[in-house]
Every structure is written in structure tokens, then in C-alpha cells.
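**Q** Can you build the whole structure from these sequences, using the hints too?
What follows is the residue order along each chain.
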Amino acid sequence: MPSQSDVNAAIALTRFGLGARPGEIQRLNDPRGWLEGQIQPSGAANPTGQFDTSVERMQAFLDYQRDARQVRQARQDMPPAAGAQPATETPAEPRRPGRRAQRMAAPAQAAPQTMPMAPQAMAPAASDPAQAAFDARRDSRRDLVQDTAREFLARAQLGAATEAGFAERWALFWANGFTVSATKFQSAVFMGQYEREAIRPHVFGKFEDLAVAAEQHPAMLLYLDQAQSIGPDSRAGQRRNAGLNENLAREIMELHTVGADGGYTQADVTEFARALTGWSVPAPRDQGMDLVRANVAAGAQGFGGGGARQQARYARGVQAAVRGEPGLNGFVYRAIVHEPGERTVLGKTYAPGEKDQGEAILRDLANSPRTTRRLARRIAAHFVADDPPPALVDRLEQAWTRSGGDLAVVARALITAPESWEPRPAKIKTPYEFIISAHRALGTAPQRIQPLQQALVSMGQPAFAAPSPEGWPDTAADWAGPDALVKRLDWSKAAADLAQVADPNTVAANALGARLGERTRLAVARAESRPEALTLFLMSPEFQRR
Amino acid sequence: MTYPHLNRRLFLGAAGVSLAFAGRASAQSAAGPRNKMVLIIARGAMDGLSVTVPYGDANYVPLRGGLAIPAPGQPNGALALSEGFGLHPSLKGLHDLYGAGQARFAPAVAIPTRIRSHFDAQDVLENGGEGLRQQTDGWLNRALAASGARYHGLSIGAQTPLILRGSAPTSSWAPGGKIEGGDRIASLLQDLYVEDPMLGTNLARGLETELMAMVAGDGAVRRNDVAGLGAAVARLMSGDQGADLVALSIDGWDTHARQLGQLQTRLTGLDQVIGGLHRGLGTDWDRTVVVVATEFGRTARANGTQGTDHGTGSSLLLAGGALKQGGLVGDWPTLAEAKLFEDRDLAPTLDVRSVFKGVLRDHMGVDRAALDNRVFPGSAAEAPAYDGLV
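Top line first, the protein sequences correspond to chains A and B.
One point on numbering: in UniProt numbering, the residue at position 253 of the first sequence is 253, and numbering is uninterrupted.
One point on numbering: in UniProt numbering, the residue at position 154 of the second sequence is 154, and numbering is uninterrupted.
Hints listed in this document are in silico derivations from the structure and should not be mistaken for laboratory results.
Only a predicted model underlies this, so the values are computations on that prediction, with no experimental measurement involved.
Even for Gly, the Cβ is constructed at its ideal location relative to N, Cα and C.
One or more hints might be untrue.
Claimed, not checked - Derived, one-sided and incomplete: chain A residues facing chain B with beta-carbon distance under 10 Å:
#: 1; residue: 177
#: 2; residue: 230
#: 3; residue: 244
#: 4; residue: 266
#: 5; residue: 449
#: 6; residue: 481
#: 7; residue: 527
#: 8; residue: 530
#: 9; residue: 539
#: 10; residue: 541
**A** Printed below as a string of C-alpha cells:
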């Protein structure tokens, strides 16, 4: 009979973490203390590697846009040829006939949108200037995409090696709560930066600060089309036929804060969208990259420090209004496109306040009791059970309310609640959790992006590429369907064939500890080969669930 | 949810294995070829005004500006249908089917609730109820149950969509799986899953479908080959053990910016999937109805970023050899300013459930009372089944 502390050690490492590495369960004498120690004001650890900051990345993205512009220019200079561009060519997403068809986000997960991780070869262009421009664009596009792939691999390696699995899972939960997806090239470019700079540092801080950091990051502004939204009565809006895009405003309300039943109307969405106008990113027209450099300065000095002086300088004059006022992580506020006037959202009126107007509404939404209730339930459903114990949801809600949305307090409430330690595992691992925990059990780490990406595609969770702003789903019905289990079995067999493992019985005992059931223990022990034993272990109910 | 007990005989490997769908009543085999229905869900809110283009409506071009699809005969113009409508120029294959009397279109449909959240609206589209969270299972699954286990349900993709979730057993399939002959591990796993019936049942079903795909002509569909995917799905619908009620999703219709190019890509893909189904089904096409539905439409006016935002009414497309010849399904509300829903969206004139019920009743033989009360609960008054489609 395993002792309660043995059981709790196994639960702490699997339910709250990413699975046990060899020896971890045995070392864990104080499971709750181990979890609490991971709650740090600095947030969750970042993947290690040489990666661009958001601001450096923005520069690379602008360079790419410049190359893409030259490709278009070179094409326009060419005489029309057979197979020329369709008349519906759009500027921001350059493409060639055929390639676009290939890039279609295909039916379900059968052929998912994996463009960011798998750049495809493109045909050469027809003339020399066009060729040169084309090559430049292809190279910058490939570099951007490969950097994001390297980030994903680094994240997976962090997951496979970390001794703070709970902090990692907590960070992934919030990244999914504020989903940005690589299904769109413009946001794919910033996926790594988004998680490192907007999400991870804030996951044990105030929720409203996490929300502001996420919504103002270029990844989000590009993914949800905010960067181009223009107030119809703004100075820029009056001059040309351009206007609002309400996508970000709607998804903030529906998905990031109060929820679809949060009591808001279409008028609230439109008002919020008006308040958000001006939230943008640097553009190629911001000549000479002064803006990006100012952004670096703002980033280095933080809000309210010397950065404020820089910002004040930029706020002067019309030219500054066109270029915008730099903020953290590549965010730009453009006064010239901001819809003037006061706004009323959910019955509260907000005075004209430029950039701060949108932020004030966002902070109020983030602190709404509806947001609290909704997210308390989501946390409980993610960590404990698809249909979580109401008592646990209540505890999380109370902790949230008591602390004013301090996520460290909420995390502590989660790991101290008795409902969180129910021995029977109710959750099915997502494909990412499954693969990472398998690596941990085997004492390995993913070495190459390509096979990792392929495995995730086949199991229905391609890297960084949630199908919609709603993010990855979170129930057994989503992840343990017939086809998904076939693909897990295929992967498990391949992993078992490759594993250099002396004794599968030890692997199973180390990974599951007191959670290893007699049926699975016997099946592993009686298997006719090492690969068979490991496959049975990876596919066992105890390992599939957490 | 209940899971029928499964026999490990199902896992005996390639040759000679029984392909009988797990849990299905054995009485089924008697009848001849069964009718088929494929439901394609266009996720992300397909812009109906660009799909079934109302070029004959004087308000269309003024509202749409640069997003308007030109009238038939103009460069990149719509493909002519009837009554002032045209199909998006990327839907060439579907237009050919229309010419052959095998496609129809409903230009102004919607789910019963007026919501502009993708996810809530998709839930309503799939749960078949009046609104949100009224059912936790899907109407296609309940239709399977109501048909008395006569039909086989299949979803395409690693995840089973809500529309096919529920008590009736279904399978799912996506390209890329492999089964080695005489798979001992699958059999051993069934023993491991005795106390976890969800895993046991789903793995069994998945392996069975995978085996069918391999027997039917291998599951090797290249990534992004949408026509090939349509053909592969068609193969899984063939033969006595083939699937009859299929759900398939195409994502990427949320066109808030630069809509023209995005729609061209998506609609080309949709056209190819239907084309793949058409060719792959062969003579079974004559017994097939394909329905393309989306959660809601988009704003009637273009927004400020060459796109459209979340709206209400959208198009529904029908294709298949089993259809009766005809054009417009439902009424056209017009795009006159006064007719727009909330001064913003195309106003729906027809409940999508009405079309679904018409197809299920007339094509799949599901009893009207079951449709009114179980498949689409409480829908007797609100959504009378649409007549004359098949």
C-alpha cells in the first residue's frame, strides 16, 4: 500500500507538472512545498537560447515587409505572363498561384496549417530584378519562420528538463488563455517573443497586468487585426476611407475576460473597439526606424522611467502622431488614428484618454467578477477535471477576489485545495503534455523540431498553431477521440523503438510512482520485448491521464 | 456516455479482420446501399455575401465597396446562378454541379440564436438546440441514434467535433496513421483499458477506421491536398461498412482584414474537397447530399481594413446527386438599409435547422417526430422541415 505522501508526490509531478523524470518522485518529500516554491514574482522561466527581443523581431519583420514590397514592385514592372497574379492579390500576404492553395487551412486536423514550421520551397521568379527581390523575401520569410520553430523546440526542451513543471504548466495555461496562433504569418513571427515577454513574466502577478501585456503585444495586435484599425472620426480616418476593426475588442471580452455570457452588447464591442484605436505596431513608413530605436529605449527603461521622456518627445507634433508613441515590446500608440471622444462600455463612461482609455476599459474588464468566475472555472477544469468540483471553483474565485486578481494567490489556492489532490486522475493529457511527459519519463529531450512538429500535427495540436483565438480545447473528448488515440499509439511505438532504456519496469515505476496500477505493472513486466513494454507503458491509462 | 463492450477479435490485424463497426446492431446488414450525408462546417463565419453573391441587389456594391464580387461576365465575376445570384468565381466545380442540377443554395440562413461569438455560435450550430448549453451532445449524433443504428458516423480530424459527440458510437479519422499487421499491442491495450472504457472504445474505433482506410486504398494523403482528402473521405464512405454521416471542418473563414484573397483560397479549397468527394464516391454520389454550413455571416458593410466583422445571416450550400434540381432555398430579405439586421447584418430568412431537418427526413429517413423532439429539441414550431430538397 503506497503512503499518502508517495501518492501526493506522483500527483504533484503529473497533475500540476509535466510528469516525473527518473528519481523525481523519490526525491519529492514535500510535494506542496515543492509546488509553492515555484510561485515566484518574476514569473515562469523562459526557454534558453539566443532569441530576438520583440523589438529586434519587429525590425526583422519590417525588413521582410520591405523585401515583400520590392517583390511586388518588381512584378508590377514585369509584363504580364501566363499564370500571373490573380487580381485579388493582397499586399500583406504575398503569394504565388499554387502556393496559396497549398496553404489553405485544410479540413480539420487532416492537413493543418503548419506553414510557420514548414516553409515550402517556392518557384523562382521570372526575371533578374524580380528574382533578386524574390530571393530576399524568401530568405527573410524563412529566417523568421525558422526562428519561431527554434523557439518552440527550446520551449519543448525546457518542458522536458525543468524542475519547475508547475510554473511551466501555469504559463502554458495563460498563453492558451490569451491565444495567439501561428496560423497567421504575421503573428507566427512573434510567437516566441509573445510568450517570453508578454506572458511568462506576468503569470504570477496581477491578472490585469498580464492582460495589458498580452493585448498590447504586436503578436496579439497583428493576430486579431487591431494594428490596422482606424477611428472613422480620427484625424487619419477623416482623411481617407478607413475605419474600425472590432476583432480584438470582441475577443478580449468574449475570450480573455468576461466571457460570451458576460452581459455585453454589440454596442459595447463597438465602443471598446473605438477606444482601442491607435493601439498598433511599427510600420515600414516609420522612416529610419527611429521608432524602433525609441522602442528599445522605452523597453530598457520601463514604463514611467526615462522612457516617459522619450515618449513625451514623440508625442509632440503631428509627425509624432503619425509615427506613434512607442511602448514596451514593440507596441506603438498612434494618436492620429485614435477615435476621439468619451466611450461607454458596460454602462461605465470613460473620459477621452487616448491610449489610456482602451487600457482603462481593459483593466475594468479584467477585474470584473464575471472574469473572475469564468477564469476560476477554467483553471480548475484545466488542472483537475473537465467538470471541476464546484468547491474548488469557489475557492479559486474567493482567492482571486480577495487578492484583487493576484495570480500568485490564485495559484496557491489551487495547490492547497483538497479537491486538487483527489487521487483518481480525471484529465487526459494534451498531445504536447503527452510528448513532453514521455520525454521526461525516458530521461530524454526533443532534439529536432521536424519530428516533434510532425508528431504534434498528427495528434491534432500543431506547434504554436491553435485553430482559433479560442485556443486549444481542454477536455478528454477533445484529445482522446478515436483518431487521436491511433496517432498516439503510432507515436508511442516509434518512441519505444528508439528509446535506449535498460529496464521498462523501472521507467514505469519512476514515472508513475504510487499511481502505477497493478494491471499496467504486470503488462509491462510481461511484455515480450522492450519496445512492447514501453509502448504499453506510454499508452497505459495512468500515463495518458494526469 | 456509454461505451459498448468491445471484443478483442477486432484487433487481429490486417487480413480477415472484421470491419464491423463496433457496437452496431448486427441486424443492419440486410438493406442495400444506404444514403449518405456529408456536413462541412466552415468555421470562422463564412461571408455568405461573397459566396452566393447577390449581384442583382442594388445595395450590394454600395455596401461592399471593394469587397464586392463583380457580376457574372465581368472580370473575376461571379458564376451565374438564378434570380440575381452568382457563386464566388473560385467555386467552379460547384457551379458545374449546379449546371447539372446537383447543387442548390440558401442565401440567407442562420442558427436560431442571434449571437456573434464564433464559439458559442458553433456550439449552437452543432448542438441543434435553440441556444447555448442546452445540449451537451450534437445533433448529427442524435440523428444517428434516432435512425436506429442504421448509419455509421465519422468525423474527419483528430478531434471529434461537438456535432458528432454523444451516445451513438462514431469514429474519427485523419491521414497519417499506420497499423502494423497482427497488432498484438492493440489487443494487449484492450486489457489495460478494461477500467477505462473511454480509452478502450475510442482506440478500438480508431483502429477499425484506420484499417478501413488502408484496405480502401491507403490513407496517404499529402498535407494540404484537399482534393485528395475529399477522395480519401469518399473511400471511407464506400462499401457496406462505409460511413454514412460524415462531419468535416474547414477552418479559416474569419476574414476581418484583406478578405478578398483569403476567401479565394478558402473557397478554392472548399470546391476541391467537394470535387474530391464527388469523384471519389463514384456511383454513391447519387445517394449523397453534401451540406456546407457556417456559424454566422459577416457584416453587410465592409469594415475599415478590407474585411468584414461578425454578422448574422450567411449562405448554406447543398450539393449531391440526390438533390432535386432547383435554385434558391428560402427567401432573400434584400440588402436595403431598412432590412438589415440591427442596421448591420444580412437578416436571415431561414433557420439552418429547417434545412438540416429536411435533409434528415427526406434523405436519411429520420422520423419527423424524432427530428422535432430529440434531434432538434423543441423545434416543431420554430423550424419546420424544409420540403423538396431531395
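**Q** If a hint holds in the structure, say so; if it doesn't, say that too.
**A** We went through each hint and held it up to the structure:
1. 177: 14 Å, violated
2. 230: Residue 230 of chain A check passes; min Cβ-Cβ to chain B is 5 Å, inside 10 Å.
3. 244: Holds. Min distance 5 Å.
4. 266: For residue 266 of chain A, the interface hint holds, since the closest Cβ of chain B sits about 7 Å away, which is under 10 Å.
5. 449: 16 Å, violated
6. 481: 4 Å, holds
7. 527: Holds - the Cβ of residue 527 of chain A comes within 10 Å of chain B, reaching about 8 Å at its closest.
8. 530: With a closest approach of 13 Å, the residue 530 of chain A hint is violated.
9. 539: The hint holds - residue 539 of chain A has a Cβ within 10 Å of chain B, the shortest such distance being about 6 Å.
10. 541: 4 Å, holds
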